[in-house]
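Novice: Listed below, chain by chain, are the residues.
2 protein chains.
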Amino acid sequence: MSSGLNMSRRIRRSPFTSKVEQHGVRGFSVVNHMLLPKAFKRSVEEDYWHLREHVQIWDVATQRQVEIKGPDAAKLVQWMTPRDLTRTQIGQCLYVPLVDGQGGMINDPVLLKLAEDHFWFSIADSDVLLWATGLAEGKGFNVDICEPDVAPLAIQGPKAEDLLANLFGDDIRAIGFFKFAWVDFAGTQQLIARSGYSRQGGFEIYLRGGSATGLADQLWDAVWAAGQAFNIAPGCPNLIERIEGGLLSYGNEFTLADNPLECGLADYCHLDGDFEFIGKQALLNVRQNGIRRDMRGVLYGTEPLPTVTIPLPVMAGKQKVGQITSGIWSPRLNRNVGLSMIERDHWASGTKVSVGLQTGHKVPGEISLLPFS
Amino acid sequence: MSSGLNMSRRIRRSPFTSKVEQHGVRGFSVVNHMLLPKAFKRSVEEDYWHLREHVQIWDVATQRQVEIKGPDAAKLVQWMTPRDLTRTQIGQCLYVPLVDGQGGMINDPVLLKLAEDHFWFSIADSDVLLWATGLAEGKGFNVDICEPDVAPLAIQGPKAEDLLANLFGDDIRAIGFFKFAWVDFAGTQQLIARSGYSRQGGFEIYLRGGSATGLADQLWDAVWAAGQAFNIAPGCPNLIERIEGGLLSYGNEFTLADNPLECGLADYCHLDGDFEFIGKQALLNVRQNGIRRDMRGVLYGTEPLPTVTIPLPVMAGKQKVGQITSGIWSPRLNRNVGLSMIERDHWASGTKVSVGLQTGHKVPGEISLLPFS
Numbered sequence: 000m001s002s003g004l005n006m007s008r009r010i011r012r013s014p015f016t017s018k019v020e021q022h023g024v025r026g027f028s029v030v031n032h033m034l035l036p037k038a039f040k041r042s043v044e045e046d047y048w049h050l051r052e053h054v055q056i057w058d059v060a061t062q063r064q065v066e067i068k069g070p071d072a073a074k075l076v077q078w079m080t081p082r083d084l085t086r087t088q089i090g091q092c093l094y095v096p097l098v099d100g101q102g103g104m105i106n107d108p109v110l111l112k113l114a115e116d117h118f119w120f121s122i123a124d125s126d127v128l129l130w131a132t133g134l135a136e137g138k139g140f141n142v143d144i145c146e147p148d149v150a151p152l153a154i155q156g157p158k159a160e161d162l163l164a165n166l167f168g169d170d171i172r173a174i175g176f177f178k179f180a181w182v183d184f185a186g187t188q189q190l191i192a193r194s195g196y197s198r199q200g201g202f203e204i205y206l207r208g209g210s211a212t213g214l215a216d217q218l219w220d221a222v223w224a225a226g227q228a229f230n231i232a233p234g235c236p237n238l239i240e241r242i243e244g245g246l247l248s249y250g251n252e253f254t255l256a257d258n259p260l261e262c263g264l265a266d267y268c269h270l271d272g273d274f275e276f277i278g279k280q281a282l283l284n285v286r287q288n289g290i291r292r293d294m295r296g297v298l299y300g301t302e303p304l305p306t307v308t309i310p311l312p313v314m315a316g317k318q319k320v321g322q323i324t325s326g327i328w329s330p331r332l333n334r335n336v337g338l339s340m341i342e343r344d345h346w347a348s349g350t351k352v353s354v355g356l357q358t359g360h361k362v363p364g365e366i367s368l369l370p371f372s
Numbered sequence: 000m001s002s003g004l005n006m007s008r009r010i011r012r013s014p015f016t017s018k019v020e021q022h023g024v025r026g027f028s029v030v031n032h033m034l035l036p037k038a039f040k041r042s043v044e045e046d047y048w049h050l051r052e053h054v055q056i057w058d059v060a061t062q063r064q065v066e067i068k069g070p071d072a073a074k075l076v077q078w079m080t081p082r083d084l085t086r087t088q089i090g091q092c093l094y095v096p097l098v099d100g101q102g103g104m105i106n107d108p109v110l111l112k113l114a115e116d117h118f119w120f121s122i123a124d125s126d127v128l129l130w131a132t133g134l135a136e137g138k139g140f141n142v143d144i145c146e147p148d149v150a151p152l153a154i155q156g157p158k159a160e161d162l163l164a165n166l167f168g169d170d171i172r173a174i175g176f177f178k179f180a181w182v183d184f185a186g187t188q189q190l191i192a193r194s195g196y197s198r199q200g201g202f203e204i205y206l207r208g209g210s211a212t213g214l215a216d217q218l219w220d221a222v223w224a225a226g227q228a229f230n231i232a233p234g235c236p237n238l239i240e241r242i243e244g245g246l247l248s249y250g251n252e253f254t255l256a257d258n259p260l261e262c263g264l265a266d267y268c269h270l271d272g273d274f275e276f277i278g279k280q281a282l283l284n285v286r287q288n289g290i291r292r293d294m295r296g297v298l299y300g301t302e303p304l305p306t307v308t309i310p311l312p313v314m315a316g317k318q319k320v321g322q323i324t325s326g327i328w329s330p331r332l333n334r335n336v337g338l339s340m341i342e343r344d345h346w347a348s349g350t351k352v353s354v355g356l357q358t359g360h361k362v363p364g365e366i367s368l369l370p371f372s
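Sequence lines, in order, name chains A and D.
Going by numbering that gives the first Met the number 0, the first sequence opens with residue 0, and the numbers climb by one from there.
Going by numbering that gives the first Met the number 0, the second sequence opens with residue 0, and the numbers climb by one from there.
It should be emphasised that the hints constitute simulated quantities derived from the structure, not laboratory data.
None of the values given here were measured: they were computed from a predicted structure.
Backbone N, C-alpha and C define an ideal beta-carbon position, used for all residues, glycine too.
Careful: at least some of the hints might be erroneous.
What the hints assert, rightly or not - Computed cross-link-like contacts, EDC-like style, restricted to lysine to aspartate or glutamate with a CA-CA straight-line distance of at most 20 angstroms:
#: 1; chain 1: A; residue 1: LYS317; chain 2: A; residue 2: GLU342
#: 2; chain 1: D; residue 1: LYS138; chain 2: A; residue 2: GLU365
#: 3; chain 1: D; residue 1: LYS279; chain 2: A; residue 2: GLU342
#: 4; chain 1: D; residue 1: LYS74; chain 2: D; residue 2: GLU20
#: 5; chain 1: A; residue 1: LYS319; chain 2: A; residue 2: ASP344
#: 6; chain 1: D; residue 1: LYS138; chain 2: A; residue 2: ASP344
#: 7; chain 1: A; residue 1: LYS319; chain 2: A; residue 2: ASP271
#: 8; chain 1: A; residue 1: LYS351; chain 2: A; residue 2: GLU365
#: 9; chain 1: D; residue 1: LYS351; chain 2: D; residue 2: ASP293
#: 10; chain 1: A; residue 1: LYS74; chain 2: A; residue 2: GLU365
#: 11; chain 1: A; residue 1: LYS138; chain 2: D; residue 2: ASP71
#: 12; chain 1: D; residue 1: LYS178; chain 2: D; residue 2: GLU275
#: 13; chain 1: D; residue 1: LYS74; chain 2: D; residue 2: ASP271
#: 14; chain 1: A; residue 1: LYS279; chain 2: D; residue 2: ASP143
#: 15; chain 1: D; residue 1: LYS138; chain 2: A; residue 2: ASP143
#: 16; chain 1: A; residue 1: LYS317; chain 2: A; residue 2: GLU365
#: 17; chain 1: A; residue 1: LYS138; chain 2: D; residue 2: GLU275
#: 18; chain 1: A; residue 1: LYS68; chain 2: A; residue 2: GLU20
#: 19; chain 1: D; residue 1: LYS68; chain 2: D; residue 2: ASP143
#: 20; chain 1: A; residue 1: LYS74; chain 2: A; residue 2: ASP116
#: 21; chain 1: A; residue 1: LYS138; chain 2: D; residue 2: ASP271
#: 22; chain 1: D; residue 1: LYS279; chain 2: D; residue 2: GLU261
#: 23; chain 1: D; residue 1: LYS40; chain 2: D; residue 2: ASP71
#: 24; chain 1: D; residue 1: LYS351; chain 2: D; residue 2: GLU365
Claimed, not checked - Chain A side only, calculated, beta carbon under 8 angstroms to chain D, not exhaustive:
#: 25; residue: MET6
#: 26; residue: GLU275
#: 27; residue: LYS279
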């Protein structure tokens with residue numbers, strides 16, 4: 000299902016929007032008040048196969064950076080997440096749940112540690128800038144918080160490393176998973192991380208200074224030119240690949256109403272660590288009372304069903320035990336694949352369920368661990 | 000300019016979305032992670048004339064409510080805005096700028112005072128929920144903050160009062176401008192305010208409990224049925240009418256980078272009041288250093304130009320003195336009308352300027368006070 004999107008200054012263009020328009024972008028979503036390309040000329044399925052085999056260039060500038068800098072920066076950042084940051088190194092990226100005082104999910108950004116007193120949160124769709132600024136204002140922390148002029152560009156797919164080694168030199172091959180380094184580009188220093196919103200490998204270049212100069216066009220063109228030898232295509236986070244890979248989306252799979260222990264993020268919560276964070280008592284209570292649900296995959300139907308835009312109930316008999324919040328046909332598994340938080344008594348892999356469709360019909364399904372194999 | 004909008008759970012449907020779909024909505028914007036209808040079958044111009052003469056029903060559920068309740072609620076709310084709230088009465092609506100510690104605009108909501116310890120911010124497009132919660136968490140305020148299940152429905156136009164008097168009784172005629180009262184609907188108590196995002200008069204019904212029950216459909220149908228005698232039409236905030244009326248839009252006319260003294264909101268800032276608020280020192284500094292710009296209208300071109308989606312520079316000779324952030328052809332004034340912050344030396348009504356178009360051409364224009372007459 001798609002509809003027209005009315006444009007205005009409030010729905011911000013990214014430094015790469017002109018480039019994706021030149022490539023014939025057909026549809027957008029809006030994330031962090033900014034355009035996220037969601038469809039090009041080819042189908043999601045064609046893009047899926049291409050992403051698994053070749054390399055794609057994605058405008059993911061909607062992953063806005065919230066910069067926290069200053070004497071109290073490390074203290075504030077640790078206070079914002081249940082993940083233990085005490086041993087985090089400069090040059091590391093960490094996936095961190097952010098929770099409020101009730102343990103509800105505020106966001107699930109990637110944290111980049113640039114210096115002992117300098118961090119970026121690379122955020123999903125909520126105003127972490129306001130959350131962090133409010134906390135600092137209330138506590139009187141000595142920090143500077145802003146959204147800097149940084150626009151991530153993702154190069155994803157198995158050929159990404161070869162492409163970027165051609166462009167920036169072989170040193171980038173040494174960058175570990177969820178680590179970052181700096182490269183020279185057009186007289187500027189730019190951050191490059193081995194990360195991205197796919198399971199096919201790749202990098203993200205966090206372009207600084209791209210909004211006012213021609214630097215964004217230059218970077219896009221340079222990647223595009225180097226990519227010709229690797230069958231590069233314009234793309235975007237691919238819904239089939241994302242769901243198969245078990246990559247969650249804030250606002251889709253979970254919201255402020257959910258806590259990280261029950262939405263698949265328990266591994267990133269260190270409740271017994273010797274550090275304070277917002278929502279600690281709430282999460283301790285959740286753990287003590289017992290986890291009632293967890294994130295799972297659902298395989299359902301044997302024919303292609305419409306892509307999920309409104310959650311579909313997951314039923315065990317007449318009992319609702321979950322809801323598929325993202326779901327699409329997988330041409331590789333020949334099943335529809337969905338993501339759902341599932342009640343404890345039904346979350347075992349292989350449990351039989353049914354899925355209620357928009358039409359009112361039901362189709363049989365079964366629970367799967369994530370990622371889908 | 001419009002493009003496809005890809006739907007997902009993250010882009011929330013409102014309790015009225017099904018109804019606007021039945022009415023043939025053609026385009027949306029996204030505000031507060033929720034769908035805002037932006038176009039129906041008729042043109043913006045046809046809707047404009049209709050709005051000035053008859054009555055329209057608008058799904059403005061994207062005006063999410065941020066509820067602040069509890070012993071410290073009044074203290075927190077006053078701390079969040081430079082507007083003096085010391086004499087605010089229960090039953091009053093107030094337009095309030097919210098600013099950060101640097102005096103930057105966080106949002107420009109309407110504040111509703113429901114009780115001495117109970118407030119709603121009816122917000123524009125930013126996560127005030129996170130801002131308020133962060134402040135309260137940092138300060139240790141004793142408040143409960145949430146986004147309640149409240150979905151505003153606007154009834155706008157000169158016939159709105161007669162329509163709603165037919166539906167709810169003549170008592171609603173006594174509701175003053177920016178005041179609210181309570182009406183019975185289908186066994187529930189609902190808040191109705193004389194307010195709305197147009198200059199044509201009208202009301203907003205803040206429907207409680209509409210997300211899970213059939214209440215939203217019932218309310219829409221009741222208004223629609225009562226509206227048949229008044230030539231009711233489905234609509235949405237009308238860009239021509241909004242710009243002519245000088246109604247500003249957060250994210251369009253101003254952002255976090257702007258302060259309220261320079262973006263037309265000085266009347267809502269009481270810097271000399273005997274109360275504390277975030278950003279007070281910053282705004283005092285702005286005032287002391289002198290206001291450099293203010294919000295103005297720009298009349299430009301004598302032929303219809305494309306609706307502004309990317310800001311257009313306002314030039315005095317070769318000097319940029321502003322940018323039109325919202326602009327459209329006015330069929331009533333036979334000029335294009337735009338909104339722009341304008342530098343002090345050029346903000347006098349009647350000042351001649353030129354406006355740079357996307358094509359590279361320039362057209363002559365002149366500064367106007369707001370609202371356009």
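Novice: A separate judgement is required for each hint: does it hold in the structure or not?
Specialist: Evaluated hints:
1. For the hint pairing LYS317(A) with GLU342(A), the CA-to-CA distance comes to about 14 angstroms; that is within 20 angstroms, so the pair holds.
2. Distance restraint check for LYS138(D) and GLU365(A): the Cα-Cα separation of roughly 47 angstroms exceeds the 20 angstroms cut-off, and the hinted pair is therefore not satisfied.
3. Restraint check for LYS279(D) and GLU342(A): the C-alpha separation of about 49 angstroms exceeds 20 angstroms, so the hint is violated.
4. For the hint linking LYS74(D) to GLU20(D), the alpha-carbon distance of about 42 angstroms lies beyond 20 angstroms, and the restraint is violated.
5. The straight-line distance between the Cα atoms of LYS319(A) and ASP344(A) is roughly 12 angstroms, inside the 20 angstroms bound, and the hint therefore holds.
6. As the CA atoms of LYS138(D) and ASP344(A) are separated by approximately 41 angstroms, the hinted pair breaks the 20 angstroms bound.
7. Taking the CA atoms of LYS319(A) and ASP271(A), the gap is near 33 angstroms; set against the 20 angstroms cutoff, the hint is violated.
8. A threshold of 20 angstroms between alpha carbons decides the hint, and for LYS351(A) with GLU365(A) the separation of about 5 angstroms falls inside it, so the pair holds.
9. Using a Cα cut-off of 20 angstroms, the hinted pair LYS351(D) and ASP293(D) holds, with the two alpha carbons roughly 16 angstroms apart.
10. A distance of roughly 44 angstroms separates the Cα atoms of LYS74(A) and GLU365(A); the hinted pair therefore is violated under the 20 angstroms criterion.
11. Note on LYS138(A) and ASP71(D): the hinted pairing holds, with a Cα-Cα distance of about 16 angstroms set against a maximum of 20 angstroms.
12. Taking the CA atoms of LYS178(D) and GLU275(D), the gap is about 26 angstroms. The hint is violated against a cut of 20 angstroms.
13. Our distance criterion of 20 angstroms between C-alpha atoms is met by LYS74(D) and ASP271(D), whose separation comes to about 18 angstroms.
14. Note on LYS279(A) and ASP143(D): the hinted pairing holds, with a Cα-Cα distance of about 18 angstroms set against a maximum of 20 angstroms.
15. Distance restraint check for LYS138(D) and ASP143(A): the Cα-Cα separation of roughly 18 angstroms lies within the 20 angstroms cut-off, and the hinted pair is therefore satisfied.
16. With a C-alpha separation of about 16 angstroms, the suggested pair LYS317(A) and GLU365(A) falls inside the 20 angstroms cut-off, and the hint holds.
17. Of the supplied pair hints, the one linking LYS138(A) and GLU275(D) holds, its CA atoms being roughly 16 angstroms apart against a limit of 20 angstroms.
18. A C-alpha spacing of about 35 angstroms is found between LYS68(A) and GLU20(A), which places the hinted pair above 20 angstroms, so the restraint is violated.
19. About 5 angstroms separates the Cα atoms of LYS68(D) and ASP143(D), which keeps this hinted pair within 20 angstroms; it holds.
20. Between LYS74(A) and ASP116(A) the CA atoms are separated by roughly 9 angstroms; this keeps the pair inside 20 angstroms, and the hint holds.
21. The straight-line distance between the Cα atoms of LYS138(A) and ASP271(D) is roughly 25 angstroms, outside the 20 angstroms bound, and the hint therefore fails.
22. At roughly 15 angstroms between alpha-carbon atoms, LYS279(D) and GLU261(D) fall within 20 angstroms of each other, so this suggested pair holds.
23. A hinted pair counts as satisfied when its Cα atoms are at most 20 angstroms apart, and LYS40(D) with ASP71(D) does not qualify at roughly 47 angstroms.
24. Between LYS351(D) and GLU365(D) the CA atoms are separated by roughly 5 angstroms; this keeps the pair inside 20 angstroms, and the hint holds.
25. This hint holds: MET6(A) has a C-beta 4 angstroms from the nearest C-beta of chain D, less than the 8 angstroms allowed.
26. Taken as an interface hint, GLU275(A) does not check out: its beta carbon lies about 12 angstroms from the nearest beta carbon of chain D, beyond 8 angstroms.
27. This hint is violated: LYS279(A) has a C-beta 12 angstroms from the nearest C-beta of chain D, more than the 8 angstroms allowed.
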